[in-house]
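**Q** Read off the chains here:
Protein chains: 2
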Amino acid sequence: MNKKIRKAIHAAGMILEQGFYKIQQYDEKERLHLRSEYDLKIDLYLKHFLESEYPEDSIFSEESSEQKKSSKTRWILDPIDGTSYFIFGEPFFSISMAKEVSNKIVEAHVFNPITKEYFYTEESIDKSNLNNSEIRVSDVSKLKDSFLAFGFSAHPQKIKLYLDNWSFEMESCKKALPWIGPALSICNVARGRVEGFIDYGCSMEGQAAASFILHNAGGVSLNIDGSSFDYETKGGIFSNRKLNLLEGRSG
Amino acid sequence: MNKKIRKAIHAAGMILEQGFYKIQQYDEKERLHLRSEYDLKIDLYLKHFLESEYPEDSIFSEESSEQKKSSKTRWILDPIDGTSYFIFGEPFFSISMAKEVSNKIVEAHVFNPITKEYFYTEESIDKSNLNNSEIRVSDVSKLKDSFLAFGFSAHPQKIKLYLDNWSFEMESCKKALPWIGPALSICNVARGRVEGFIDYGCSMEGQAAASFILHNAGGVSLNIDGSSFDYETKGGIFSNRKLNLLEGRSG
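From first to last, the protein sequence lines are chains A and B. The opening position of the first sequence corresponds to residue -19 in the numbering used here, with each subsequent residue numbered one higher. The opening position of the second sequence corresponds to residue -19 in the numbering used here, with each subsequent residue numbered one higher.
Incorrect hints may have been included.
The list makes no distinction among identical chains, and a pair is therefore deemed to hold if it is satisfied within one copy or across any two copies.
Below, in silico cross-link-like pairs of lysine to aspartate or glutamate (DMTMM-like), each with a Cα-Cα straight-line distance of 25 Å or less [stated by the list, open to error]: (1) Lys155 x Asp144; (2) Lys214 x Glu102; (3) Lys(-13) x Glu227; (4) Lys(-16) x Glu31; (5) Lys2 x Glu97; (6) Lys222 x Asp119; (7) Lys49 x Asp19; (8) Lys107 x Asp119; (9) Lys2 x Asp106; (10) Lys138 x Glu149; (11) Lys107 x Glu31; (12) Lys96 x Asp205; (13) Lys122 x Glu17; (14) Lys2 x Glu227.
Simulated from the structure, these hints should not be mistaken for laboratory data.
Turn these sequences into a full structure, and let the hints steer you where they fit.
**A** What follows is the structure, encoded as structure tokens:
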């Protein structure tokens, strides 16, 4: 376990936690600026930490342009994955950070600062942990027994994309929910709470760490078109590996 | 503040909290029984408390048939509002309890056992509190500046109902999310995090307490067809009162 990183992410989580509870009312100007205010606070805090601890490494963050350095190591950071939940008052958002060496993810951190759930894995341990316990995907293999999550908000165009392509799964599974924070959604597949998460919109920052956690917990990630997973492509299909979400589809 | 009730709800919340974190994997049989297991645990705990503390009063719970007594007082209980979130691993569920005297709600409790957010109001204080602070609805009055929530899961038939009736609002507001735990959704209107919550499915147990909290925080509840609010009718439109969600609609 990379204890230095964990400590920095916990400290950033405290800032985020205070922000979440503090904001009960705010005027229009504050609302409009809420996203950038807290995303930037966490972004600055963690980038400052990475720059002083690993001055040679590159940093890629959702909130700022990439800082390219000479090292083959790059840190991929999402200061708040699930910002809308943070704003709406729903405690389902996370700080996500992945370490990449020569284009391969080797270490992953996802932290929910409200529940204090810390998901972690690294290449050398070949398993994934939630706090101090190993997690594994579920054994559910049949669609009718499965819980699924889909990455849409309440926006008609976004919903339409999912209905056009996944209505059968939504109707056939045991229960399906919409979820718009990819990092925690993928981690909930990794821990066996749900069997699959399908998202057209998630980007590298949100899925780099979580998809590695899923992999080391026994699950699998695919690109949204069913092709081999490449975490730099937008969107993805994340499952426990036993449930085949592309069964019976053409192509 | 009814301290006896608060103490009992906090104790029930500890059972629920332990269940939420403990369940990381479960076999199919446990999954199928998960709902009844924890809903029933909390139901039994709180009904036992009410029966010994208020033996004359009636109790209406989501999980059991009504216990009618001679008193004009009735307790309306929802052991877990947002059970699907509890099962899926999302910390956005609550225990909800309302006291009704002669068909009128006079006291309301909504508690999220993960965040420890305790929403409360009673007739005599004429305001609503979150933990030790008074809460008020937001001042946002324009749809384009508003945050809205809609009570659908990822099920095509349920989604269709909302799209048929609320696409304009979804597209015109600043951001809209799907939320399927009415008690906390309504409380987040009451605390000014979002301006409106529209739900076709919520029942008396989930909305009795929260709609009184919303009322005493300055908000308003309507039946889903726009008629005067009657918390015994299924569904509702819950808003900060400044945003008119029925503007421009016929009828």
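**Q** Taking the hints in turn, state whether each one holds.
**A** For each hint, the structure was consulted:
1. Lys155 x Asp144: both (18 Å within a copy, 22 Å between copies)
2. Lys214 x Glu102: Answer is within: at 23 Å inside a copy they meet the 25 Å cutoff, but 49 Å across does not.
3. Lys(-13) x Glu227: neither (42 Å within a copy, 51 Å between copies)
4. Lys(-16) x Glu31: This pair counts as within: shortest intra-copy Cα distance 13 Å, inter-copy 52 Å.
5. Lys2 x Glu97: both (21 Å within a copy, 12 Å between copies)
6. Lys222 x Asp119: Answer is within: at 7 Å inside a copy they meet the 25 Å cutoff, but 49 Å across does not.
7. Lys49 x Asp19: Within one copy only: 23 Å inside a chain, 54 Å across chains, cut-off 25 Å.
8. Lys107 x Asp119: within (17 Å within a copy, 49 Å between copies)
9. Lys2 x Asp106: between (39 Å within a copy, 23 Å between copies)
10. Lys138 x Glu149: The answer is both: 17 Å in one copy and 15 Å across copies each meet 25 Å.
11. Lys107 x Glu31: Classified as neither; 28 Å inside a copy, 48 Å across copies.
12. Lys96 x Asp205: The answer is neither: 34 Å in one copy and 41 Å across copies each exceed 25 Å.
13. Lys122 x Glu17: Result: close only across copies, 23 Å inter versus 44 Å intra.
14. Lys2 x Glu227: Answer is neither: 46 Å inside a copy and 32 Å across each miss the 25 Å cutoff.
Hint compliance for this structure: hints 3, 11, 12 and 14 are broken, all remaining hints hold.
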